[in-house]
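Protein chains: 2
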Amino acid sequence: MGRIITIGREFGSGGRELGRRLAEELQIEYYDRELLTEIAKHTSLAEEYIRNVVERQPHSLLPITIGRSFTYVDDYAFKQAQAVYQAQSKIIRELAEKSDCVIIGRCADYILQDKKPLRLFVYADMDSRVRRCMERRSPGESQTEKEMKKQIQTVDKNRARYYEFYTGLKWGDKLNYDLCINTTDVVIKEIVPAIAKMLG
Amino acid sequence: MGRIITIGREFGSGGRELGRRLAEELQIEYYDRELLTEIAKHTSLAEEYIRNVVERQPHSLLPITIGRSFTYVDDYAFKQAQAVYQAQSKIIRELAEKSDCVIIGRCADYILQDKKPLRLFVYADMDSRVRRCMERRSPGESQTEKEMKKQIQTVDKNRARYYEFYTGLKWGDKLNYDLCINTTDVVIKEIVPAIAKMLG
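The listed protein sequences derive, respectively, from chains A and B.
The numbering of the first sequence is the working numbering, which starts it at 1 and goes up by one.
The numbering of the second sequence is the working numbering, which starts it at 1001 and goes up by one.
Source of the hints: derived by calculation from the structure; they are not laboratory data.
Remember, it's a predicted structure, so these values are computed and weren't measured experimentally.
Since no wrong hints were added, every one of them can be taken at face value.
Listed next, with one range per pair, are the computed distances between beta-carbon atoms: (1) Phe1078/B <-> Arg137/A: 49 to 59 Å; (2) Glu1034/B <-> Lys98/A: 44 to 54 Å; (3) Ala1160/B <-> Glu147/A: 29 to 39 Å; (4) Lys1116/B <-> Lys189/A: 15 to 25 Å.
Yeah, the Cβ is synthetic: ideal placement off N, Cα and C, and Gly gets one too.
With the hints as extra help, turn the sequences into a complete structure.
Encoded structure:
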């Protein structure tokens, strides 16, 4: 059986680390930023530009109900975001076709639904996420815990908007995932072998 | 490490079967109705009576905010329900002390929180739950799918009320569980070995 694992994750939950370690443990491919690099190659758009577009919602003023009927909208930024999403979807499908893999975010669960991927969602309580983010600050970063919390909320809000815009589904709603993993007070490294055993 | 596994579950999700099979696979104790029998022995209340009280919310007209301040309430049925809950909590703690086990429902996740049980929540989409319930009807039962759906909603509403009343937490909210398992289109028997491998 092909193993395609998609991972949705709350910011600061360690979902990306979990995905990376899981791919290592299962010896399958892993994609997140790399995926964007691939997209950049295919669309001739600069990687940084795409990352910016992709991380933000397609159009901040566009109501979802209208946003989903593309013909009603004539907006350059919106069309750009659409193009990036389409290119990205194509790449995700190609990669999943090529070999077993773990894909982080990017609506991969939805894009690959016909392949019946194992859809994980990784989450944790706010205190635990703030703690995780504070520990991983780069030397240049100096956010307070309060600022970090705000940043986490903003990132998650954007992720939720992005996901809901393209899938019509509620981001983080457990019904959209096969398995939801709580990483509150958990050392990611320690739980990965157990998860891999389950999926292996 | 002691393994105490608590399972919350939506009606029709197969959570009870999952728990029973998981206990078998891990060769540990399993409690659900048996637990009530134990309670009956300790409290000298008839098992059937307790089951009825426990399955319903403590007092149907009592707002939760008032209900949690026991001193404001003087109501026989409410006091009865409290007594049953207390007896039940005591038994659950005793059983968890005695040996590793799987405990279904009954707020065991909350009652045993100091023992840090592994808290599972089992859920599925409504169609899948209706299908599962229809397949398991006893020969005497003749509900239509529509009636079954209504019954599922009623049972879950009562479970949610019961859980929220005694724990102050939202039943089914993924933050209250370590692992949430979606059993939509899943054959329980087939996924249990994998879950057991993870927990073993």
